[in-house]
Amino acid sequence: EMEDAEFEDILDDWFIESLKTYKDLHVYQLEHPTQVLEWTSGNSVCVAGYSQSKNEILELRLPLKLLADENKSLCAERDFKVSHGGFTDGPVRCLTHIPGTRCAVTNDGLSSDLQVWDLGGEESDVIRRTGSIKGKRSASERGSRIAARPSSAPQVLHGAQISDVQLTELASGETLYKLETDSADPLSSLQFVSDTVFLAGCCNGSVYVADTRTSAPPQLSHSPSSAESVIWWTDAAAGPHPSSRRVIRVSSSGQAVVSDLRNLGGAGCQAQLDVQTPGRCSQVKVSWAPTLDDCISVSGFSGVVQIYNTRLWGAEPQEARPLFEHRGHAVSSQQTDDSVPTFVTSHIWHPERPRTLLSAASDGSVHVWDWVDPNRQGGSPTP
Amino acid sequence: MPEIKVTPLGAGQDVGRSCILVSIGGKNIMLDCGMHMGYNDDRRFPDFSYITQNGRLTDFLDCLIISHFHLDHCGALPYMSEMVGYDGPIYMTHPTKAICPILLEDFRKITVDKKGETNFFTSQMIKDCMKKVIPLNLHQTVQVDDELEIKAYYAGHVLGAAMVHIKVGSESVVYTGDYNMTPDRHLGAAWIDKCRPDILISESTYATTIRDSKRCRERDFLKKVHESIERGGKVLIPVFALGRAQELCILLETFWERMNLKAPIYFSTGLTEKANHYYKLFITWTNQKIRKTFVQRNMFEFKHIKAFDRSYADNPGPMVVFATPGMLHAGQSLQIFKKWAGNEKNMVIMPGYCVQGTIGHKILNGQRKLEMEGRATLDVKLQVEYMSFSAHADAKGIMQLIRMAEPRNMLLVHGEAVKMEFLKGKIEQEFSIDCYMPANGETTTVTTNPSVPVDISLNLLKREMALGGPLPDPKKPRTMHGTLIMKENSLKLVSSEQALKELGLNEHQLRFTCHVQLQDPHSDADTLHRIYTHLKSVLKGYTIQHLPDGTVIVESIVIKVSSSAEDSNTKVLLLSWSYQVKTWTLFLERFTLIYNGVLPGG
Chain A
1 EMEDAEFEDI LDDWFIESLK TYKDLHVYQL EHPTQVLEWT SGNSVCVAGY
51 SQSKNEILEL RLPLKLLADE NKSLCAERDF KVSHGGFTDG PVRCLTHIPG
101 TRCAVTNDGL SSDLQVWDLG GEESDVIRRT GSIKGKRSAS ERGSRIAARP
151 SSAPQVLHGA QISDVQLTEL ASGETLYKLE TDSADPLSSL QFVSDTVFLA
201 GCCNGSVYVA DTRTSAPPQL SHSPSSAESV IWWTDAAAGP HPSSRRVIRV
251 SSSGQAVVSD LRNLGGAGCQ AQLDVQTPGR CSQVKVSWAP TLDDCISVSG
301 FSGVVQIYNT RLWGAEPQEA RPLFEHRGHA VSSQQTDDSV PTFVTSHIWH
351 PERPRTLLSA ASDGSVHVWD WVDPNRQGGS PTP
Chain B
1 MPEIKVTPLG AGQDVGRSCI LVSIGGKNIM LDCGMHMGYN DDRRFPDFSY
51 ITQNGRLTDF LDCLIISHFH LDHCGALPYM SEMVGYDGPI YMTHPTKAIC
101 PILLEDFRKI TVDKKGETNF FTSQMIKDCM KKVIPLNLHQ TVQVDDELEI
151 KAYYAGHVLG AAMVHIKVGS ESVVYTGDYN MTPDRHLGAA WIDKCRPDIL
201 ISESTYATTI RDSKRCRERD FLKKVHESIE RGGKVLIPVF ALGRAQELCI
251 LLETFWERMN LKAPIYFSTG LTEKANHYYK LFITWTNQKI RKTFVQRNMF
301 EFKHIKAFDR SYADNPGPMV VFATPGMLHA GQSLQIFKKW AGNEKNMVIM
351 PGYCVQGTIG HKILNGQRKL EMEGRATLDV KLQVEYMSFS AHADAKGIMQ
401 LIRMAEPRNM LLVHGEAVKM EFLKGKIEQE FSIDCYMPAN GETTTVTTNP
451 SVPVDISLNL LKREMALGGP LPDPKKPRTM HGTLIMKENS LKLVSSEQAL
501 KELGLNEHQL RFTCHVQLQD PHSDADTLHR IYTHLKSVLK GYTIQHLPDG
551 TVIVESIVIK VSSSAEDSNT KVLLLSWSYQ VKTWTLFLER FTLIYNGVLP
601 GG
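Protein chains in written order, with full-length UniProt numbering: chain A, 1 to 383; chain B, 1 to 602.
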């Protein structure tokens with residue numbers, strides 16, 4: 001349990017620095033750690049446990065103080081509100097919210113089957129399981145990736161490996177589309193880049209782009225590296241203009257490659273990220289910032305979330321320094337077992353607030369932070 | 001079955017005040033007597049009509065217990081005891097007893113003097129009410145009467161806050177009041193032993209929240225103070241004499257030292273004296289660290305914090321001032337506020353709730369123009385910051401407390417049932433206990449299953465064992481016969497013979513007899529034999545004997561046959577049985593019918 005802290009303890013370097021480096025900072029401790037962070041509205045997120053047996057899914061409403069713009073100073077409310085909660089029988093490795101609904105879809109990482117949930121409304125605060133979707137594989141090492149179709153009637157794209165990717169209509173369970181390919185590469189990411197076009201990132205670094213309206217074979221972009229033991233994660237920027245649609249791939253050795261969505265194999269830019277313990281990671285998350293051009297965030301290598309400005313990257317891989325690092329999870333770790341260092345399990349950007357992120361770590365901590373761009377800071381951080 | 005009844009007083013969804021009625025083992029206890037700060041009329045008082053429509057409450061309540069000094073828990077106390085009428089014991093901890101009257105008087109002054117209300121309790125009523133208070137020490141069992149006992153536990157939250165354990169016989173209830181499960185800067189965390197109460201009663205206000213860390217609240221406080229000082233502004237922090245003030249002072253002092261800051265920090269003198277006085281009195285209630293600090297040095301001998309003189313308020317340049325009272329409703333903090341309000345570089349940080357009618361309340365609601373005495377208006381240009389430092393348990397905290405106390409049932413007050421279904425399910429699943437959530441004004445009845453321990457005599461035990469059959473277990477209790485002797489405080493079960501011996505009584509037996517007439521020409525002995533044979537065929541499974549002395553015995557019923565004096569064809573059956581065999585009467589009636597119908601020549 002937490003020990004009584006001397007006043008001096010809290011005034012550690014990170015804390016003092018944080019006065020200037022963050023506009024807002026909130027630190028929470030969940031009962032059980034989460035691997036998933038998913039927006040269910042502009043001010044609520046879902047988290048879920050990943051222990052072997054029973055777990056909870058929680059929908060948390062962000063503190064009013066964080067979201068208040070006008071009367072921020074008059075609002076003292078800093079806590080998460082558990083607006084809805086439910087129980088699962090197994091771990092939750094992937095959770096996707098269906099836009100425009102109160103529905104979410106999860107996968108337990110053990111098979112490629114999906115569970116369908118009703119997040120509840122005003123009449124009840126219980127999250128209930130309403131059904132399931134059968135995947136191709138009864139046993140799967142990583143489980144399925146899930147992506148919800150942005151508009152249209154509730155449909156989910158899912159699969160554990162590239163040849164399994166299918167689009168299922170939630171209401172009927174009908175398979176509306178299947179990706180035609182023989183490759184059995186396991187997936188590390190799956191996302192829609194438009195209402196019908198999606199990108200599937202494989203663990204080996206290859207990326208497929210396909211359109212659910214056609215049965216034409218997908219476009220394939222091979223892995224940037226042929227190294228066998230390297231795992232890759234992918235994120236595509238969901239920009240409004242086709243020209244801003246870029247894709248970033250990050251490897252377990254810290255290599256980062258940016259390319260244009262329409263020209264994945266072409267010359268983009270690259271960098272060697274400044275990650276601790278490269279190679280030791282399983283839950284790497286890489287994400288384009290929704291509103292900050294060229295910014296990406298990376299987590300999963302350690303207890304730190306890093307933000308990079310890709311505009312500074314060149315065609316040749318060079319060491320990149322992060323624009324900002326959120327070290328909160330590492331610094332104030334609640335881990336009881338010192339032999340296993342805390343690592344960040346997931347992070348997400350707020351869809352509208354430019355520099356607000358949420359991050360979760362293996363010790364059950366969840367942080368909400370609004371960082372200050374060091375280039376725009378007035379004056380240097382205090383001693 | 002014995003039961004405990006719990007009723008949160010109040011109506012509908014209003015959650016601004018605590019006042020809970022518990023009926024346990026024939027005793028009625030009121031837990032807290034709070035004022036609802038959102039209402040201006042009688043709705044702010046608890047609804048005592050549930051207890052009695054009119055008249056005093058003394059006869060209906062065995063005691064009243066106040067958990068801590070916050071007004072939503074004790075604000076209606078003088079009203080209840082002096083205006084409605086209650087002369088029974090009022091229990092609260094020593095710090096609560098010392099601090100309550102100060103807050104009540106402040107509150108009274110604001111309500112009557114500032115808002116001009118009339119139907120409110122007076123200063124004298126506060127004094128009279130406090131005379132009825134019996135102070136409690138932690139972990140000390142107090143006998144309210146022969147049957148009712150209470151014990152206070154440390155709750156954290158504020159100085160003197162207690163959770164209370166109430167016991168009547170073998171039934172008990174624990175009420176948490178407000179508490180926190182993580183240690184605070186100046187208070188420890190709540191603690192209770194595995195007392196396994198029948199019901200654990202807790203507020204549900206924070207049950208569905210996850211609290212932001214103390215560190216981040218403090219960070220925000222330091223950031224705001226630092227930013228104001230850096231731009232040359234003055235920061236006013238209105239505080240109550242106790243509690244957060246010390247914490248914030250120590251925090252600022254440490255920060256100033258770390259950052260090598262030069263701006264002065266002041267502490268108004270009234271605060272120092274009062275605070276020192278109270279801390280000396282209640283040192284055992286504070287956190288280990290505060291105690292160490294206090295013992296090592298005078299609480300308010302800081303390097304960077306000095307005593308305030310009112311002339312300093314006019315000094316140029318940045319400064320921080322802690323001043324009372326906490327809601328800016330009068331005195332020094334208000335004076336300073338008036339001087340500093342017009343400058344937008346300045347800041348006022350409100351560290352807690354402000355009662356309606358105070359300047360604090362108005363500015364926290366965004367009011368930027370204030371009407372002062374003499375119809376002067378004050379333009380509020382300085383920055384107003386509302387920060388909450390109060391320590392409350394959250395969803396995780398409730399689970400921790402349940403794990404500590406191991407109640408048989410959980411009861412959450414002041415929640416909306418639809419918003420608490422998940423928590424209810426969580427508690428029920430993890431602990432396999434029922435979780436009740438009564439609405440205000442609604443009574444929850446919890447059936448308890450108190451076990452009454454009784455000693456059994458060895459002889460009786462042996463006799464029962466000799467009868468064979470399955471051993472008794474909780475799912476299949478076994479009935480047994482014996483005599484319960486209650487002597488002084490002990491209960492024992494002995495055989496009837498032993499009981500009679502101990503009591504020096506002779507055993508008497510009650511035997512019933514009845515005569516049944518039959519028409520049967522046979523001899524007495526033959527008739528008896530026929531009866532015997534008939535009974536053997538219809539009463540399979542029963543022990544039936546035909547004895548040489550001319551009787552038939554069915555289990556323990558004795559049957560004799562004799563002829564009627566008037567007519568030898570009329571036989572009279574004499575049946576006799578002892579008191580235990582009541583059910584046989586019904587059987588025998590049926591037997592007569594069978595006999596008459598079956599035997600030929602009848």
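Simulated from the structure, these hints should not be mistaken for laboratory data.
We put the beta carbon where it would ideally sit given N, CA and C, even for glycine.
Misleading hints may appear alongside valid ones.
What the hints assert, rightly or not - Among the chain B residues that face chain A by a calculated CB cut under 7 Å, a handful are:
1) T209
2) C216
3) E488
What the hints assert, rightly or not - Within a straight-line C-alpha distance of at most 25 Å, the following computed SDA-like cross-link-like pairs (lysine to any residue) qualify:
4) K5(B) x F431(B)
5) K214(B) x C75(A)
6) K54(A) x I433(B)
7) K81(A) x R376(A)
8) K23(A) x K214(B)
9) K194(B) x E149(B)
10) K97(B) x A330(B)
11) K345(B) x R376(A)
12) K396(B) x E122(A)
13) K132(B) x D145(B)
14) K419(B) x R376(A)
15) K345(B) x C75(A)
16) K81(A) x F389(B)
17) K54(A) x E421(B)
18) K396(B) x R376(A)
19) K81(A) x E430(B)
20) K54(A) x D309(B)
21) K23(A) x S53(A)
22) K214(B) x E122(A)
23) K72(A) x F221(B)
24) K339(B) x K369(B)
25) K396(B) x G366(B)
26) K223(B) x S390(B)
27) K345(B) x G366(B)
28) K72(A) x G357(B)
29) K72(A) x L251(B)
30) K345(B) x L19(A)
Hint by hint, here is what the structure shows:
1. T209: 4 Å, holds
2. C216: This hint holds: C216(B) lies near chain A, its Cβ roughly 5 Å from the closest one there, short of 7 Å.
3. E488: Nearest chain A Cβ about 45 Å off; hint violated.
4. K5(B) x F431(B): Since the Cα atoms of K5(B) and F431(B) sit roughly 22 Å apart, the hinted pair holds (cutoff 25 Å).
5. K214(B) x C75(A): 17 Å, holds
6. K54(A) x I433(B): The hint holds at about 18 Å.
7. K81(A) x R376(A): Since the Cα atoms of K81(A) and R376(A) sit roughly 33 Å apart, the hinted pair is violated (cutoff 25 Å).
8. K23(A) x K214(B): Status holds; Cα separation ~17 Å.
9. K194(B) x E149(B): 17 Å, holds
10. K97(B) x A330(B): Holds: K97(B) and A330(B) sit about 24 Å apart, inside 25 Å.
11. K345(B) x R376(A): OK: K345(B) and R376(A) at ~22 Å, within 25 Å.
12. K396(B) x E122(A): Satisfied, since the Cα-Cα distance of roughly 23 Å is no more than 25 Å.
13. K132(B) x D145(B): The given pair, whose Cα atoms are some 16 Å apart, holds under the 25 Å limit.
14. K419(B) x R376(A): Answer violated: K419(B) to R376(A) is near 43 Å, above 25 Å.
15. K345(B) x C75(A): With a Cα-Cα distance of about 20 Å, the restraint between K345(B) and C75(A) holds, given a limit of 25 Å.
16. K81(A) x F389(B): 17 Å, holds
17. K54(A) x E421(B): Measuring from Cα to Cα gives roughly 18 Å; hence the hint holds.
18. K396(B) x R376(A): 39 Å, violated
19. K81(A) x E430(B): 21 Å, holds
20. K54(A) x D309(B): 61 Å, violated
21. K23(A) x S53(A): 39 Å, violated
22. K214(B) x E122(A): 31 Å, violated
23. K72(A) x F221(B): Judged against 25 Å, a Cα distance of about 14 Å means the pair holds.
24. K339(B) x K369(B): 14 Å, holds
25. K396(B) x G366(B): Given pair K396(B), G366(B) is violated - Cα atoms ~33 Å apart, limit 25 Å.
26. K223(B) x S390(B): 19 Å, holds
27. K345(B) x G366(B): Within the cut-off at roughly 17 Å; holds.
28. K72(A) x G357(B): 23 Å, holds
29. K72(A) x L251(B): 23 Å, holds
30. K345(B) x L19(A): Holds: K345(B) and L19(A) sit about 19 Å apart, inside 25 Å.
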